[in-house]
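> Based on the sequences and whatever the hints tell you, model everything.
Listed in order, the protein sequences are those of chains A and B. Going by our numbering, the letters in the first sequence line up with residues 18 to 308, in that order. Going by our numbering, the letters in the second sequence line up with residues 58 to 344, in that order.
Take these hints with a grain of salt, some might be off.
Derived pair list, reagent style DSS-like, types lysine-lysine, alpha-carbon separation capped at 25 Å [claimed, not checked]:
(1) 252(B) to 169(B)
(2) 205(B) to 146(B)
(3) 27(A) to 113(B)
(4) 169(B) to 31(A)
(5) 31(A) to 252(B)
(6) 252(B) to 237(B)
(7) 237(B) to 31(A)
(8) 169(B) to 27(A)
(9) 146(B) to 27(A)
(10) 237(B) to 169(B)
One side only, chain A facing chain B, incomplete, derived with CB under 10 Å [what the hints assert, rightly or not]:
(11) 42
(12) 63
(13) 102
(14) 133
(15) 139
(16) 180
(17) 185
(18) 239
(19) 249
(20) 262
(21) 265
Please keep in mind that the hints were generated in silico from the structure rather than gathered at the bench. Here the structure is a predicted model, which means the values were calculated and not measured. Quick reminder that beta carbons are idealized off the backbone N, C-alpha and C, glycines included.
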Amino acid sequence: MFGATSFVRKVLRKSGPTIAMAPFLIYTLLGLGVPTFGVIYFAFRGEHGGWTLSNVHQVTHGIFLVGFENSIKLGLISSIVPGILGVFLAYAIQTSNSTILRRLTTTASGVLANFGGINLTFMFIATLGSTGVLTLWLNAVGLNLSNFGFDLLTFSGVVFVYMYFQLPLMVLVITPALGGLRQSWREAAENMGASSWNYWRYVGVPVLLPSILGGMLLLFGSAFAAYATAESLTLGLIALSPIQIGNFLNGNVIAGQVNVGYAIALGMLIILSITMILYGLVQRRASKWLR
Amino acid sequence: MASLSGARYGFEEAALEDQPAPAEPPKKRRRIRWWRFVVLFLAGAYFFIPLYAGIKFSLENIAGHFSFQTIQELPSSPGFTGALALSLKLALVTVILSSLLMVPTAIYVHLKLPRMRRLLEFVTVLPIVIPPIVLIAGVLSVYPLWAKSSPYLLSFMYVILAMPFVYRSLDAGLSAIDLKTLTEASRSLGGNWIKTMWRIVLPNIRPALLSATVLTMALVLGEFTMASLDLWTTIPVWIVNFQGAANGHIQVAASMLGLVGTWILLVLVVSLDRSQSRYTRRKTGTQ
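Rendered as structure tokens:
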């Protein structure tokens, strides 16, 4: 009796870690591993079974290639512009004397950065749609945004709306790095006769650059992969990779292209993996100054 | 703070080295102030005008006058209550599933398998790298029909989408307390494992549990990508597909309600985070 209990205990102790980790590992295998595997598998499967490269071939040509180009362009614009503006905004907030402002903007950034999706679409329709509040204000002073090539329901609108979560995300990411700029460095630079420009050119920007690039890579990933806002804003009429995948899943498929959607998804996975690898490299460099 | 000491330094420089350009530092300072004002003003306009527009649209009748008509019409709009019920059901199931999965795993890893923390961190970041649109494509391609015909497949996937937030909350909460001492004290005083978890560990990480719950709920109630492609009419899908009002006021009103609700919840979480970190700082004292 005693021997049996101690044996059971021994087995339990030995396999304890495995048993305890099993639910989590099985769950993530089913929820992350299997779908990812499914995407890769079907990207190389023909319409009637069998292995094929035809899906990959189609994705790298024609309208699907345009989709990737547009998505990358969208990712680049809405990472570089909010990335740079975000640094200025974060610096303006960080160097301000008002503790309340700093605390409020930190909270607001945390909230806004998590907020994409369709609610954003309708808020901006109320702002910049054809009867939107800002549209009417601008019309009243004789400005018509469409004369400047701006249309809320196309590419330019998507870029403008994405800023609403990209800018706070950049502020969140870059604020710790700005905190790492030590006052003593500035004083040392000024002691040696450096002007403000010299300080930023030779000390500030080089120290911040890895963090800024890292932040921009995160923004790129989030704009490149976003579906809900772009889909609801443009009603799926814009050629972006996520929207094209959505069209396939909604059943808008022509013969011979049944599995092309999975090849687009595979392409997105590859681009996002590269982005994250670059992020890891840049992050390692950034942490050098942030101790 | 930085600009203050910078300005003080400027005066010191003038006094100590007796440089010929004493008027320069004040000028520079004023320029910085203007620049900051412009940046903050533009950012404020960008973030507040849409908010104002959304609220104005929600509180307007078709003639353009102030009224609660749109918001009052919302509950009786066709399909709204059904969509709301589905969204709330999915949120509840997701929170329960997520807690049952993540809380024991996180506690166990913190207590017994600290070397697995890196693995856990890596796995829980993956849902940020693999976008929902790719995940749902994979799910719809490989999962059997019986799974796809149930709305709770969405809850199953939302647990994955929420993992980065949930794990980070729990990790922060568990790192803030001295888990080992607490459990050992409880065990040596005769508490069994269940009692230790229920009466000692869980109450101590209550802020983390709460913030994980709120973040998960906010995520589920706002999620559009997976729900729309899995063809379930949750609240966001309902808003996008709604065709009733020609001018879209109902859609804006529903969006703004969702948005303001989410924000209130999230602001609560952020403030809770802050009070928890303050608590930790006080506890760890000089560190």
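> Taken at face value, is the distance from the CA of residue 31(A) to the CA of residue 237(B) at most 25 Å?
Holds, because 20 Å separates the two Cα atoms, which is no more than 25 Å.
> Do the alpha carbons of residue 31(A) and residue 252(B) lie within 25 Å of each other, as the hint requires?
holds (24 Å)
> Please check whether residue 185(A) passes as an interface residue: C-beta within 10 Å of a C-beta belonging to chain B.
holds (8 Å)
> Does the alpha-carbon distance linking residue 237(B) and residue 169(B) stay inside the 25 Å limit?
holds (9 Å)
> Checking one constraint from the list: CA of residue 252(B) to CA of residue 169(B), max 25 Å. Satisfied?
holds (18 Å)
> Taking the least C-beta to C-beta distance, is residue 265(A) closer than 10 Å to chain B?
holds (8 Å)
> Mind checking the CB of residue 63(A) against every CB in chain B and telling me if the closest is under 10 Å?
For residue 63(A), the interface hint is violated, since the closest Cβ of chain B sits about 14 Å away, which is over 10 Å.
> Identify whether the interface hint at residue 239(A) stands, where standing means a beta carbon of chain B within less than 10 Å of its own.
Nearest chain B Cβ about 8 Å off; hint holds.
> For a C-alpha distance cap of 25 Å, please report whether residue 169(B) and residue 27(A) respect it.
holds (16 Å)
> Hint residue 262(A) vs chain B: min CB-CB distance below 10 Å?
holds (5 Å)
> Does residue 139(A) hold up as a contact with chain B if the rule is Cβ-Cβ below 10 Å?
With a closest approach of 4 Å, the residue 139(A) hint holds.
> Tell me if the straight-line CA distance from residue 205(B) to residue 146(B) falls inside 25 Å.
Holds. Residue 205(B) to residue 146(B) sits at ~17 Å (cutoff 25 Å).
Hints 3, 9 and 12 from the list above are not met by this structure, while the remaining hints are.
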